[in-house]
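A.B. asks: For this one, chain A is given, so just place chain B on it according to the hints.
Spelled out from the first residue to the last, the chains are:
Protein chains: 2
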Amino acid sequence: MRLTHLFTKTSKTAPGDEVARNAQLLIQAGFIHKEMAGVYDYLPLGKRVLDNIIQVIREEMDGIGGNEISLTALQQKDPWVTSGRWDDQVMDVWFKTKLANGTELGLAPTHEEPITRLMKSHIHSYKDLPVYPYQFQIKFRNELRSKSGLMRGREFWMKDLYSFSRTQAEHDAFYEAVSQAYLRIYDRLGLGELTYKTFASGGSFAQFSHEFQIVSPVGEDKIFVHEPTRMAINEEVYTDEVLAQLGVKREDLVEKTAVEAGNIFTLGTRYSEPLGLMFTDEAGKSQPVIMGSYGIGPSRLMGLIAEQFADEKGLVWPAVVAPALVYLVLIGEGEVQAEADSLYEQLQAKGIEVLYDDRDERPGQKFADSELMGIPYRVTVSARTQASGQYEFYVRESGETSPLTRAELLAKLV
Amino acid sequence: MRLTHLFTKTSKTAPGDEVARNAQLLIQAGFIHKEMAGVYDYLPLGKRVLDNIIQVIREEMDGIGGNEISLTALQQKDPWVTSGRWDDQVMDVWFKTKLANGTELGLAPTHEEPITRLMKSHIHSYKDLPVYPYQFQIKFRNELRSKSGLMRGREFWMKDLYSFSRTQAEHDAFYEAVSQAYLRIYDRLGLGELTYKTFASGGSFAQFSHEFQIVSPVGEDKIFVHEPTRMAINEEVYTDEVLAQLGVKREDLVEKTAVEAGNIFTLGTRYSEPLGLMFTDEAGKSQPVIMGSYGIGPSRLMGLIAEQFADEKGLVWPAVVAPALVYLVLIGEGEVQAEADSLYEQLQAKGIEVLYDDRDERPGQKFADSELMGIPYRVTVSARTQASGQYEFYVRESGETSPLTRAELLAKLV
Chain A
495 MRLTHLFTKT
505 SKTAPGDEVA
515 RNAQLLIQAG
525 FIHKEMAGVY
535 DYLPLGKRVL
545 DNIIQVIREE
555 MDGIGGNEIS
565 LTALQQKDPW
575 VTSGRWDDQV
585 MDVWFKTKLA
595 NGTELGLAPT
605 HEEPITRLMK
615 SHIHSYKDLP
625 VYPYQFQIKF
635 RNELRSKSGL
645 MRGREFWMKD
655 LYSFSRTQAE
665 HDAFYEAVSQ
675 AYLRIYDRLG
685 LGELTYKTFA
695 SGGSFAQFSH
705 EFQIVSPVGE
715 DKIFVHEPTR
725 MAINEEVYTD
735 EVLAQLGVKR
745 EDLVEKTAVE
755 AGNIFTLGTR
765 YSEPLGLMFT
775 DEAGKSQPVI
785 MGSYGIGPSR
795 LMGLIAEQFA
805 DEKGLVWPAV
815 VAPALVYLVL
825 IGEGEVQAEA
835 DSLYEQLQAK
845 GIEVLYDDRD
855 ERPGQKFADS
865 ELMGIPYRVT
875 VSARTQASGQ
885 YEFYVRESGE
895 TSPLTRAELL
905 AKLV
Chain B
495 MRLTHLFTKT
505 SKTAPGDEVA
515 RNAQLLIQAG
525 FIHKEMAGVY
535 DYLPLGKRVL
545 DNIIQVIREE
555 MDGIGGNEIS
565 LTALQQKDPW
575 VTSGRWDDQV
585 MDVWFKTKLA
595 NGTELGLAPT
605 HEEPITRLMK
615 SHIHSYKDLP
625 VYPYQFQIKF
635 RNELRSKSGL
645 MRGREFWMKD
655 LYSFSRTQAE
665 HDAFYEAVSQ
675 AYLRIYDRLG
685 LGELTYKTFA
695 SGGSFAQFSH
705 EFQIVSPVGE
715 DKIFVHEPTR
725 MAINEEVYTD
735 EVLAQLGVKR
745 EDLVEKTAVE
755 AGNIFTLGTR
765 YSEPLGLMFT
775 DEAGKSQPVI
785 MGSYGIGPSR
795 LMGLIAEQFA
805 DEKGLVWPAV
815 VAPALVYLVL
825 IGEGEVQAEA
835 DSLYEQLQAK
845 GIEVLYDDRD
855 ERPGQKFADS
865 ELMGIPYRVT
875 VSARTQASGQ
885 YEFYVRESGE
895 TSPLTRAELL
905 AKLV
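Taken in order, these protein sequences are the chains called A and B. Position in the first sequence counted from 1, then plus 494, gives you our numbering. Position in the second sequence counted from 1, then plus 494, gives you our numbering.
Since the hints were made in silico from the structure, they are not lab data. It should be emphasised that the depicted structure is a prediction, and the values quoted were computed from it without experimental measurement. Warning: the hint list may mix true and false statements.
For chains that are exact copies, the list does not tell them apart, and a pair is met inside one copy or across any two.
[Claimed, not checked] Here are the simulated lysine-lysine pairs, BS3-like style, with alpha carbons at most 25 Å apart:
hint : residue 1 : residue 2
1    : LYS743    : LYS621
2    : LYS621    : LYS541
3    : LYS571    : LYS590
4    : LYS592    : LYS571
5    : LYS906    : LYS528
6    : LYS614    : LYS528
7    : LYS779    : LYS716
8    : LYS503    : LYS614
9    : LYS503    : LYS779
10   : LYS503    : LYS621
11   : LYS614    : LYS691
12   : LYS906    : LYS621
If we strip away everything but chain A, and leave its shape as in the complex, we get (with noise of 0.2 Å):
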């Protein structure tokens, strides 16, 4: 893309209604604007961003057997109230509101209800399961306080599969393909190596759930790792008895900040039973089916990723989630304007996102721009490059310079 075509402006300083660095650095570069404390849209960057990070997901849900679909966010109150979770005290959450005839709705801040009552018209025999869809979707949480950017929003993206499985055994087998696709996922979003998965609170149907924490000074829960097996223990689990259980002690643990990037859970019958969302097993009986229940969130991680990267000079965006792996500087018109054109329409046409500032302003001005974007490689063509037949290549992570011809920057790219 152009910058002459981007209608973004980056600013000099950071918005000073914000505390959260995620939050300050997307703003100023551009990539987010915020409605309101917690709610936030996504402009022309920040949304390739986003999209970058769902497509990693969706490829690792696909890979597990996933099935895409799209649930709605208003809510009727039957499914819920059944379940027990329409009450305001038990679901703390909730944003209600009303149809133009009075009658009361909710926005979902979770999708267990709704497709459990969806599965009641496609599961009836145990020839039907095991099933997993999954969605991409805004999802509704009315916060008292919100002052993390998109580390904890009102309205916000996730990702959330549910499983429906015939036994236990089946269950666990689904259990643990997810837990291996989440990881692969923090693996590839340049977040393998802080990420725990941890042992958590489990509610009726298993001792515990599992989180993937992801260690940040900025976190909000504290979890104690075990670096030899790469596991934790969040807090509220980490008594004695759990320790004992788990086969590690007190002294092998370090205490560590971290930030909750994802959470898989058995749900068992809970919802099922309730709702009455069963099959008819091969002996002809009629069992409850077995559920689970997955969450991931993208807009949180892209808050994450920012926060966790930046440096001094704006944002550090790994290439798999960057907007544009390539941030092209133009200095100069005439020949060196056809060239730097000509290399972003080679660099286009071979696949390559390449953000080109073509924009009539200070060089200064170009460079901290790409600094604040943290667009991952840099390239420059002016009259010197033109000079000596090589551009200036430089990467934002190391900031490490190099000039390099057309050729050599093609093959370190494409």
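C.D. replies: Then chain B, alone, in the frame of chain A:
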């Protein structure tokens, strides 16, 4: 996708609580699920159709200079109070809700106010104009009645594009470019011959707006069509004065029933003035930005296409939006299955989407499901086709059947 992997089931009977043919068929074929009137979940096949429609629109919006963004559903009151549209009497489709602290919020039925306010951070000078942000977003409209399936939703998908221009001439040129892009969209979706660009009432800043009306027996609008020029006039502005102005005679116009599938509006300074979206022109003078808004509903189009092309056997999708191009029916096992598997793999590898009916089901059920789902081509592999060396190739729209070798089939599809 293998049908053994698809969790949705077709149903022999239409749902009893739907009067709209599009909803009846889409539910029966397992494309959507009804949460409540006007609120539908998209199941795997339905999500594919919706995504295909969105992709056609996206390509055309990018082609005229659009910048894709994503705005929020949750809305603060202020900008809407300023524009005069917060009042439920003025805008009668609001869903309202509240933050935990009691602050009133709304769910966006449209986005003129937030996008105008957002642009104040990015538009300052004539150099920053023109710009054309657009989005695909879930809109909420608290309709009193909603009986038309996907054609009139309470929660539905909308593409909304907004233009920000310096001069009326610049605005007019873009307005015409959008109009042309819209006509290309309806053409690509197979609706071109049914679509009329229709004069409708214009609001404060233009005598007319334009609607794109698609002739349909289930339409809620009445239009008067001038066939030689392919233009039409909406009943609401069908007066002698307008006829004289447009240079057409009453006797040359034919009355038709139609569905509004898109609309384009000149907003002028209706929102930029009250909300203070100004720019400094070349002479250094502060001017309000000239705006336009351009809507098209992907979910309504999905309902319309479903309804328009369906026959007594079920849905009939144009190839460009179909959830798959080919429905592959396996009848048999052993070598027959190996042949079908290998054809499936080869077609998928060549980028052709295939629904592979590998279920343990009667052939009659497989054929009926392929008809109900409306997949453009059906290919049957059986002991008989194995013996002849030719698959049975069936075209859903025409009902024609012909024997094809694998080479002939590939030549036709790739």
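A.B. asks: Determine which of the earlier numbered hints do not hold for this structure and return their numbers in increasing order.
C.D. replies: The structure breaks hints 1, 5, 7, 11 and 12; every other hint is satisfied.
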